[in-house]
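There are 2 protein chains.
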Amino acid sequence: MNEMRVGLLGLGTIGTGVARILIEQQELIARRLGRKIVLVAAADRDLQRERDLDLSGVRLTDDAAGIVKADDIDLVVELIGGYEPARSFVVGALENGKHVVTANKALIAKHGEELFPMAADKGLQIGFEAAVGGGIPCMKALREGLAANAIESVYGILNGTCNFILTKMENEGSDYADVLREAQQLGYAEADPTFDVEGVDTAHKLSILAAMAFGSKIRFDEVHTEGISRIGAADIESAREMGYRIKLLGIAKPHFDGDDEYVEMRVHPTLVPLDSQMAQVSDSYNAVQISGDFVEHTMYFGRGAGERPTASAVVADIMDIASGFPDGIAHLAPPMGFVESSRREVPTLPMADVVCEYYIRLMVRDKPGVIAAVTSILADHRISLEALIQKERHASQSVPIIMLTHETTEGNLQAAISRITGLETVDKDVLILRKESAVA
Amino acid sequence: MNEMRVGLLGLGTIGTGVARILIEQQELIARRLGRKIVLVAAADRDLQRERDLDLSGVRLTDDAAGIVKADDIDLVVELIGGYEPARSFVVGALENGKHVVTANKALIAKHGEELFPMAADKGLQIGFEAAVGGGIPCMKALREGLAANAIESVYGILNGTCNFILTKMENEGSDYADVLREAQQLGYAEADPTFDVEGVDTAHKLSILAAMAFGSKIRFDEVHTEGISRIGAADIESAREMGYRIKLLGIAKPHFDGDDEYVEMRVHPTLVPLDSQMAQVSDSYNAVQISGDFVEHTMYFGRGAGERPTASAVVADIMDIASGFPDGIAHLAPPMGFVESSRREVPTLPMADVVCEYYIRLMVRDKPGVIAAVTSILADHRISLEALIQKERHASQSVPIIMLTHETTEGNLQAAISRITGLETVDKDVLILRKESAVA
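These protein sequences, in sequence, are chains Z and X. Under my numbering, read the first sequence as residues 307 to 746, first letter to last. Under my numbering, read the second sequence as residues 307 to 746, first letter to last.
Hint data in this document are derived by calculation from the structure and do not stem from the laboratory. Please read these numbers as outputs of a predicted model, since none were measured by experiment. Certain hints may be false.
A pair holds if it fits inside one copy or across any two, identical chains being indistinguishable in the list.
Stated by the list, open to error - 35 Å max Cα-Cα, derived DSBU-like pairs, lysine-lysine:
hint: 1; residue 1: K416; residue 2: K342
hint: 2; residue 1: K697; residue 2: K673
hint: 3; residue 1: K673; residue 2: K375
hint: 4; residue 1: K428; residue 2: K734
hint: 5; residue 1: K428; residue 2: K342
hint: 6; residue 1: K428; residue 2: K673
hint: 7; residue 1: K375; residue 2: K342
hint: 8; residue 1: K673; residue 2: K523
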């Protein structure tokens, strides 16, 4: 049996985890796979860092480009992150006939449509299970386990930092800014947390999940993306009073309008029922709910980040590719779950046409008639209410009004909000969240 | 590309679902797989039954043995259930060079160790995703997605009937017998519910999961198995008061004693923390928690039975095998997740050596000194208590005492219980449940 020879780009947190598995679990892997996987070389800019791991059998180098070209390497693991030079190294690996495994969601979301055809042309595989949901084998479930289904919806808690912050805000009744500071001190959030808290990381992952679910092309730039930075402790409390918990969800659904097909993709704070599985996903855990026309609801839960869980997913990908190495690669499921030639351009549903239920927090001057004025505008737009809470008077002049609406289109809701904020008794600053009752 | 020709044994509920997917999703399957899967023939004793499905392109027959031998069939789907004649047909299919997919957990649990080597010798695959967890792709997750991990524990709610009954008992405060009757009327429980409610079905599934997790042989007969039929509404209420919910769990863990390795396997009603993911799994849903040394906790949730979810898993298996057909089968993961020659005999840990925390319900005569007598026996056995609840006096002479213990071995606990029931103030009828705090 041919052994599979692996080269690693990046010996940071995840890279060290991958090296650790390949070295420490070598015998277990061979028993499962029937062949050996050998870590031949690893590149990192900092080779002096203490990694608590015996790398004496591994060629260590600061020359990543050398690994991409090396004759004694069959598969390159890219763990550098970001767009460049990661993209160039992956292209180089493919050009040199090497399979690729990566944990880089930004790379796949932005450059996947360049990389997948390149790999397919050369009979090579690209594995990226670790890019979405960390250690959770959710891509494999979607691509292979649920392959007999037309996918009806994907809901994901895909960013551990946001989920950690929201959990802590609820548990402690604290506001966003305070919890963010604490999360940064604990190392759960970056110094510049924008990518995480503004939903960009979730949008990267969602765009990959959506394309895999629907056989469409990855359209990261078209994901409607909102983050969690405007949510206050009072919103979490109000949601709870009404039976909901706020989670940052990535949501993807197919949308059919006669013969026209669209993909709906959005990332935003979302109210989910308190007794749903999704509501129980706390701290830095991730979860993905995938529903199909035959399987109904399924959910996948686990660690979305971290050295060991992410490395688990990277090595699972290496093992999949090794199982078909060197002759059976054509028999693996294609990376995006559909044969490359059958993947289609499917337009993204314009956000104005998306149908949602809404949570609206207005600040109003506490004068007679203001609620009547607001609700009559909603009625004009045929938006009906599920609940309305008027909170007690604040120290300031304005008081919050919280409304939960029944379903309407985003365009209609925004038109109504624009008229409502035109009222002189209503502040311009409105918080709009969305509600999903269909999560399991 | 070669198309894959399928023959179906059994056109009952699941068989009809499988036929439905293969016919209705033919185009979707071809886009995902790059080749066609064709339902060539189907056998059933009752060909007249209304199936609401156009089977005009399919050869219908009551001769299952003919399908097993037919020259125009590459893969046989066994959906007859039970041990025989299912086993003979599967053996026949393998002898005739056909791959096999089955949803039959009893068959795999009892005869898997005969069937897997036979398939391996002939370069054939046996798929059985549908046998455990219905539509949930949990076998694939364990076998492939988590393949880089040494598995540390498997916890599963694997029987929808039991979970439905326990959920209803809690929601309605009803006793077991009443809810069972209702479940039978609704078709959620069989007329003879023994296999489900006494844990046999869960034990079948657990024995398969354990062998796949640890690379050991399937030892269904050695699973310690207890069902839910002795649980009362009062137990569910007492558990809840103490912060737990009762679920019928299948539990498998590896156990190391020096150089000796054992597999711990048990099925019994189990107290899980109310705020765990596992506790939220209600009605007929199934869930499997799998923890590994790198991935930490993961959980898989979905429908554990039913025409459409189970058929989803059967067809996923067919697609996996079709992807490697006819030349790449050797590159699929082996059915039990370990190369057949590396699967080992690992002894089952004797139940007396299993360490648990316990829920004990005693009925005692309400006399002074009885609690002191009971707790002093526990102290003799070095069993310490986490909680003790004495319930209000019943109409009868005896009153229930509920105790939660800290960890001890089953052997030690049983010895103490035997002394306790020897007290003349304590009834012989004791209910012992177990508690698992480690579920996620």
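(request) Give the relationship of K416 and K342 under a CA distance limit of 35 Å: within one copy only, between copies only, both, or neither. (result) Both. Shortest intra-copy (33 Å) and inter-copy (32 Å) distances satisfy the 35 Å Cα cut-off.
(request) Evaluate K375 and K342 at a C-alpha cut-off of 35 Å and name the case that applies: within, between, both or neither. (result) Classified as within: same-chain Cα gap 22 Å, cross-chain 38 Å, threshold 35 Å.
(message) If the cut is 35 Å between Cα atoms, do K428 and K734 qualify within a copy, between copies, both or neither?
(response) Answer is neither; intra-copy 55 Å and inter-copy 72 Å both fail.
(request) Indicate which option fits the pair K673, K375 if close means a Cα-Cα distance not exceeding 35 Å: within, between, both or neither. (result) Neither: 72 Å inside a copy, 83 Å across copies.
(request) Indicate which option fits the pair K428, K342 if close means a Cα-Cα distance not exceeding 35 Å: within, between, both or neither. (result) both (24 Å within a copy, 23 Å between copies)
(message) For K428 and K673, with the copy left unspecified, which applies at a CA distance of at most 35 Å: within, between, both, or neither?
(response) neither (70 Å within a copy, 82 Å between copies)
(message) At most 35 Å between alpha carbons: which applies to K673 and K523, within, between, both or neither?
(response) Close neither inside one copy (51 Å) nor across copies (75 Å); limit 35 Å.
(request) Tell me, please, which holds for K697 and K673 at an alpha-carbon limit of 35 Å: within, between, both or neither? (result) within (14 Å within a copy, 55 Å between copies)
Consistency with the previously given hints fails for numbers 3, 4, 6 and 8, ordered from lowest to highest.
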